[in-house]
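Order-wise, the sequence lines are chains U and D. Read in order, the letters of the first sequence correspond to residues 4 to 470 in my numbering. Read in order, the letters of the second sequence correspond to residues 29 to 242 in my numbering.
FYI, nobody ran anything at the bench for these hints, they're computed from the structure. Each hint should be verified, as a subset may be incorrect.
[Stated by the list, open to error] Calculated cross-link-like contacts (lysine to aspartate or glutamate; reagent style EDC-like; alpha-carbon spacing at most 20 Å):
1. U:LYS175 with U:ASP278
2. U:LYS165 with D:ASP198
3. U:LYS367 with U:GLU392
4. U:LYS166 with D:ASP198
Computed from a prediction, not measured in an experiment: that's the story for all the values here.
Residue-level listing of the chains:
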Amino acid sequence: MAGKTLYDKVWDAHVVRSEEDGTALLYIDRHLIHEVTSPQAFEGLRLAGRQPWRVGSILGVADHNVPTTDRASGIADPVSRTQVDTLDANCTAFGITEFRMNDLRQGIVHVIGPEQGATLPGMTVVCGDSHTATHGAFGALAFGIGTSEVEHVMATQCLVQKKSKNMRVTVKGHVGPGVEGKDIVLAIIGELGTAGGTGYTIEFAGEAIADLSMEGRMTVCNMAIEAGARAGMVAVDQTTIDYVKNRPYGPTAAQWEAAVASWQDLHSDEDAVFDKEIVIDAATIKPQVTWGTSPEMVVPVDAVVPDPAAESDSVKASGMEKALAYMGISAGMPITDIAIDKVFIGSCTNSRIEDLRSAAAVIKGRRKADSVSVAMVVPGSGLVKQQAEKEGLDKIFTDAGFEWREPGCSMCLAMNADRLEPGERCASTSNRNFEGRQGQGGRTHLVSPAMAAAAAIAGHFVDARAF
Amino acid sequence: MQKFEVETGLVAPMDRPNVDTDAIIPKQYLKSIKRAGFGPNLFDDWRYLDPGAPDADNSQRRINPDFVLNQPRYAGATILLARENFGCGSSREHAVWALTDYGFRAVIAPAFADIFYNNSFKNGFLPIALKEEEVDALFKACFANEGYSLTIDLAAQTVSTPDGEAYHFDIDPFRKHCLLNGLDDIELTLQHRAEIENYEARRRQEAPWLFGGA
Ligand code: SF4
Chain U
4 MAGKTLYDKV WDAHVVRSEE DGTALLYIDR HLIHEVTSPQ AFEGLRLAGR
54 QPWRVGSILG VADHNVPTTD RASGIADPVS RTQVDTLDAN CTAFGITEFR
104 MNDLRQGIVH VIGPEQGATL PGMTVVCGDS HTATHGAFGA LAFGIGTSEV
154 EHVMATQCLV QKKSKNMRVT VKGHVGPGVE GKDIVLAIIG ELGTAGGTGY
204 TIEFAGEAIA DLSMEGRMTV CNMAIEAGAR AGMVAVDQTT IDYVKNRPYG
254 PTAAQWEAAV ASWQDLHSDE DAVFDKEIVI DAATIKPQVT WGTSPEMVVP
304 VDAVVPDPAA ESDSVKASGM EKALAYMGIS AGMPITDIAI DKVFIGSCTN
354 SRIEDLRSAA AVIKGRRKAD SVSVAMVVPG SGLVKQQAEK EGLDKIFTDA
404 GFEWREPGCS MCLAMNADRL EPGERCASTS NRNFEGRQGQ GGRTHLVSPA
454 MAAAAAIAGH FVDARAF
Chain D
29 MQKFEVETGL VAPMDRPNVD TDAIIPKQYL KSIKRAGFGP NLFDDWRYLD
79 PGAPDADNSQ RRINPDFVLN QPRYAGATIL LARENFGCGS SREHAVWALT
129 DYGFRAVIAP AFADIFYNNS FKNGFLPIAL KEEEVDALFK ACFANEGYSL
179 TIDLAAQTVS TPDGEAYHFD IDPFRKHCLL NGLDDIELTL QHRAEIENYE
229 ARRRQEAPWL FGGA
């Protein structure tokens, strides 16, 4: 019998029962909730007179709607405030631990889970949010669910699931200096396409992935969903174990040895068979910039905007034309000629301490271009913010004319007051460049933190490696 | 949950690939804490010429006459015809709530994003994957014939055209059963309560750190 993949192992360990047709009842270890996708689930619980199955498995945080300035005066927008208040009230009513808006531990749900050790190797982790894939960086099986499923997990601690297929993306060799996790994953999505991973769980493997810190691995897994895969995973190694150690919700000292011993098996067996394998040569990956309205519309910074006329698939070509029209750029234009209006460094993809260090390293001693109206840094959590301030990064940013904000999702999706105006163009470290994502009519180019920082200085895209 | 058995309805064509959940229901409308009322903001950015707001009166807004759902011939459509990777993007179930609130009962496309596909079944809304060439043929027929309608028979797993062609679609038997009978997933799962408890007790022994509480 062939060996098991990492995904097979974590899956098998969580099957409570399975039906003949392959549907399984899968046990969920950790359930993260936030204010946008939970209210209707709580409403459902109440209507049915149900209680959460295991309250301790749930961790709540408000992130999407929270303001990133002047928190002391509360949330100005009444609709946002209702959502956050509803989460607070629901967590209180059901006895769920929640990091409230002014708690130092508050932040983006996918940043705080790992930071607190609430995400551990080998766990099943779910959240009503597609970027839950992030937590797969720990060798966990983590995926986004809809609100009905949020209710289902709360009521039963389980989900009804069908197993997906196994894909391995191996990034062979080592990336050059200045090439970050974000560039790796954008290059992978460029190769796979936004639907290439649909129906699969992707394991990211190879030296270039092993080289990454946990922050970098989270960036890569975070965007697995942008390749259509519900979950991305990375095998557990010493980097993982070092990161997890001494986190508040992690194993106690007495449990530590046994936990680490059990994690040793969290990798694919040598003879495991994948349904699909992709190999990418790390040495060929350059800093990436998206040019269109889907993350697969991506090219290296030294390339030009692609020409729809050269695309043989007519549906694709018309999608490209629509994207170019929306983005207000034309085929053949060098990426480095694209001037930007705003810069956003943040989101669950790139708002961790290492991301801020990387951006600060580019910015240090420089100033943002006058043509860039706003350059905003939004740390992923209160603890990230605190660490950055301890290292003096906030000073580097503010000296360069950047705004230093409070933690949250912010301009990743513009549910709070941070947004693009129609026609404005943004270099963003977030994960989605869909039409209107950062504000109606706004134009988003996805890049790494170093690339966003370099663009802020130059006023247009530029190879951050030259800085 | 609303049952789904047979649906005969007018078809509206959404002729672009990768229609994402932000396009289906823009995030400013996710602030509601209810499940109903999302229909008037379905495809909001494309459907209206002026910006909207949660709680705004949509009947006062300027509609975009070029947008497909605003064309009189598609008024009252209950079946949406779409291209590949429909429903990609965020996990928001609001996308499905907006489609059903508008009046759609099913969507046909060559492929769907996984989470959207899953969410659909929880709401009595049927996503049907047909072959690319079949979807293409349906688009052509829909554009060519005003009042074009289809019949979806879930029990038989077929989509039938007015000229008698029937396309077969696949569906997971469990989901089909739940949809045909309008069954609540949670109640079904709780029938296995003892098994869940046994599993949990065993895991607490094997790996107690997984139960470290928040
Ligand atoms: S940062 Fe953006 S992608 Fe991440 S959870 Fe928040 S809104 Fe979603």
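Now the hints, each set against the structure:
1. U:LYS175 with U:ASP278: The given pair, whose Cα atoms are some 19 Å apart, holds under the 20 Å limit.
2. U:LYS165 with D:ASP198: Holds - the C-alpha atoms of ASP198 of chain D and LYS165 of chain U are around 15 Å apart, at most 20 Å.
3. U:LYS367 with U:GLU392: With a Cα-Cα distance of about 15 Å, the restraint between LYS367 of chain U and GLU392 of chain U holds, given a limit of 20 Å.
4. U:LYS166 with D:ASP198: 17 Å, holds
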